[in-house]
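Asks: Chain by chain, the residues run as shown.
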Amino acid sequence: MYSKLAWRNIWRNKRRTLITLASISFAVFFAAIMQSMQFGSYGRMIDNAVRFYTGFIQVHHSGYWDEKSLDKSMPERKEMIDSLRRIQSVQEVVPRLESFALASYQDKTKGTMVVGIDPEAENNLTRIKDKLIDGNFLTNEKEAVLLSEGLAEYLKIGIGDTLVMLGQGYHGASAVGKFPVEGILKFPIPDLNNQSVYMPLKTSQWFYAAEGRLTAIAFVLNNADEVEGVMQEVTAKLNLDEYEVMDWRSMMPELIQQIELDYVSGKIILYILYAIIGFGMFGTFLMMTSERSYEFGIMVAIGMRRFKMQLTILLEMILLGLSGVIVGIILSLPIIIWFHYNPILMTGDYAKAFENFGIEPIVPFSMDPSLFLNQGIVVLIMSLILGIYPVYYIQRFIVTKALRK
Amino acid sequence: MAIIEVIDVKKVYNPDEIPVEALRGVNLQIEPGEFTAIVGPSGSGKSTLLNIIGGLDSPTRGKILIGGRDISEMKESQLIDFRLNNIGFVFQSYNLIPVLTAIENVAFIMELQNVSKKERNQRAMELLEEVGIAEQYNRRPSQLSGGQQQRVAVARALASRPKFILADEPTANLDSVSTSNLLDMMAEMNEKEKATFIFSTHDQRVIDKAKRIITLEDGIIVSDVVKSNLTHVSE
Chain U
304 MYSKLAWRNI WRNKRRTLIT LASISFAVFF AAIMQSMQFG SYGRMIDNAV RFYTGFIQVH
364 HSGYWDEKSL DKSMPERKEM IDSLRRIQSV QEVVPRLESF ALASYQDKTK GTMVVGIDPE
424 AENNLTRIKD KLIDGNFLTN EKEAVLLSEG LAEYLKIGIG DTLVMLGQGY HGASAVGKFP
484 VEGILKFPIP DLNNQSVYMP LKTSQWFYAA EGRLTAIAFV LNNADEVEGV MQEVTAKLNL
544 DEYEVMDWRS MMPELIQQIE LDYVSGKIIL YILYAIIGFG MFGTFLMMTS ERSYEFGIMV
604 AIGMRRFKMQ LTILLEMILL GLSGVIVGII LSLPIIIWFH YNPILMTGDY AKAFENFGIE
664 PIVPFSMDPS LFLNQGIVVL IMSLILGIYP VYYIQRFIVT KALRK
Chain F
50 MAIIEVIDVK KVYNPDEIPV EALRGVNLQI EPGEFTAIVG PSGSGKSTLL NIIGGLDSPT
110 RGKILIGGRD ISEMKESQLI DFRLNNIGFV FQSYNLIPVL TAIENVAFIM ELQNVSKKER
170 NQRAMELLEE VGIAEQYNRR PSQLSGGQQQ RVAVARALAS RPKFILADEP TANLDSVSTS
230 NLLDMMAEMN EKEKATFIFS THDQRVIDKA KRIITLEDGI IVSDVVKSNL THVSE
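Residue numbers (this note's numbering), protein chains in the order written: chain U, 304 to 708; chain F, 50 to 284.
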């Protein structure tokens, strides 16, 4: 009976309820779309960074991250890698040797980032095979290189041509080599696309005179939620005087800062939207309370306890608020679903701004259920807070005075 | 034995500012099955007395005994439960819950008493039949005339099986036909069910129908007449 009473009370002034519902739905609609876009782009940024490069977790020789030098590389210990691979939630452990070198072809030379990889393991992390636009993928057996498209264009080099590389190896040794180009990779991130050279791990160790050494071991996990647990297990297995264990957050503080900054600006808009909801709801609750004081008097007179009335009116507020949330979410869903599967493609200056941050210039919308759940929780909390006034009023009103109104 | 005993009740409003004495030492006894009208000019203290008897207001001094229990000593929550189980109310107007139908309004009070759904719906329907409004059981108050609404209010007041019913100016907003029908119906309930009715009223038609007339003036009872044998009960 109380829920029936509450539901019908909401609809006793249809026009007012519809206006209130519209204001809540409107705000929830925009909040859901805005947050979906924000979280979608954050997810994409993180995915870009994690998928294209760092992985969720990396193990290095202690001090390597601050001073990325081959002299800070670590020995490649098979038993250690196997032990790390056995940790639950770890999909793949990806060994790398990374450094820099000059790459030349005919009269062109350019500074490049050289990454020595285990081709299959690396593909499990970065899906690098999908980026191959020409030629063949690497194998451990063949001493060849993959070039990024921008670099190949700059050097005017093609499949089968020989790339000359020159750099500094481990402990100051000269690093000189000639490698046939096996394939061309296309990366959406300009930095990667303009300067990447991939070669088999063994080849890179030979090239840099760093046999049996790695600069990083990256981890492939199912999702970001598993990072903390895996970090603890990895840390427990390693001597932290010798190794450093970093998660993607600590490896990409700029990205986290950028996300946080954007999140704060989004929050301000969100608070404004919630304020719109809040004022709309409060105005309605105020009217609902004041116009029913006589009725409250009658109800207490005939034997309804005040707390039952308070529960009924709180139920009214929660029903009204959640109805608005549901309508707002239903309205926003088609748009969110559409842009989740058909991300917005940025062009022009916007695209350049994205690329400057090393991010693909697309904005997919997030369909994370917490987006919608959060809206419900916020409106529920607001209903309960705004409900303090009618609850207080019902607690304090004097029956005889109410009956005189 | 009297079901209501009003013992030396005094009520002063605004005692700390400009005191207004609404009741100045009222003594009164109501027996079961009475059909009593409390009359008097505006400001005489009728509504105050009814509110105090109904436990809606507390006396400044004196006692109210209902079935031998002193309600002036009760806490509010106790009073609410006491009213629910012992007192029926009919107010001047708009005293139904507007979003509930006639039968739901009557059943509502029984729900507060935790009566089972089946039993309360059955009794609510019986009461609506008794007050002659069964056909409109599914209508909301806004779809009923003033007289019909007051009939539903009487049915609701009877639903909790109270010791007595307090009716504060129940005919104030009714036309003469509705008033006459309502009074006939209440008189019938009084005769058949032995339901005790206490009215506060200005309405001569109610006064004509009442079996006992208590007249208040300036907060004191100036006459108390039982019509059947024209006995003067008190001063």
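Simulated from the structure, these hints should not be mistaken for lab results.
These numbers were taken from a predicted model, which means no experiment stands behind them.
We put the CB at the ideal spot given by N, CA and C, even for glycine.
Honestly, I wouldn't trust all of these hints.
[To be verified] Partial list, computed: chain F residues near chain U (C-beta under 8 Å):
(1) TYR62
(2) PRO81
(3) ASN100
(4) SER126
(5) ASP130
(6) ILE146
(7) LEU149
(8) GLU160
(9) VAL164
Asks: Please go over all the hints and tell whether each is borne out by the structure.
Replies: How the hints compare with the structure:
1. TYR62: Interface hint status for F:TYR62: violated (10 Å vs cutoff 8 Å).
2. PRO81: F:PRO81 check fails; min Cβ-Cβ to chain U is 21 Å, beyond 8 Å.
3. ASN100: holds, 5 Å
4. SER126: Since chain U brings a Cβ to about 6 Å from F:SER126, closer than 8 Å, the hint holds.
5. ASP130: holds, 7 Å
6. ILE146: Hint holds; F:ILE146 Cβ to chain U Cβ min 7 Å, cut 8 Å.
7. LEU149: Since chain U brings a Cβ to about 7 Å from F:LEU149, closer than 8 Å, the hint holds.
8. GLU160: Since chain U brings a Cβ to about 5 Å from F:GLU160, closer than 8 Å, the hint holds.
9. VAL164: violated, 12 Å
Consistency with the previously given hints fails for numbers 1, 2, 9, ordered from lowest to highest.
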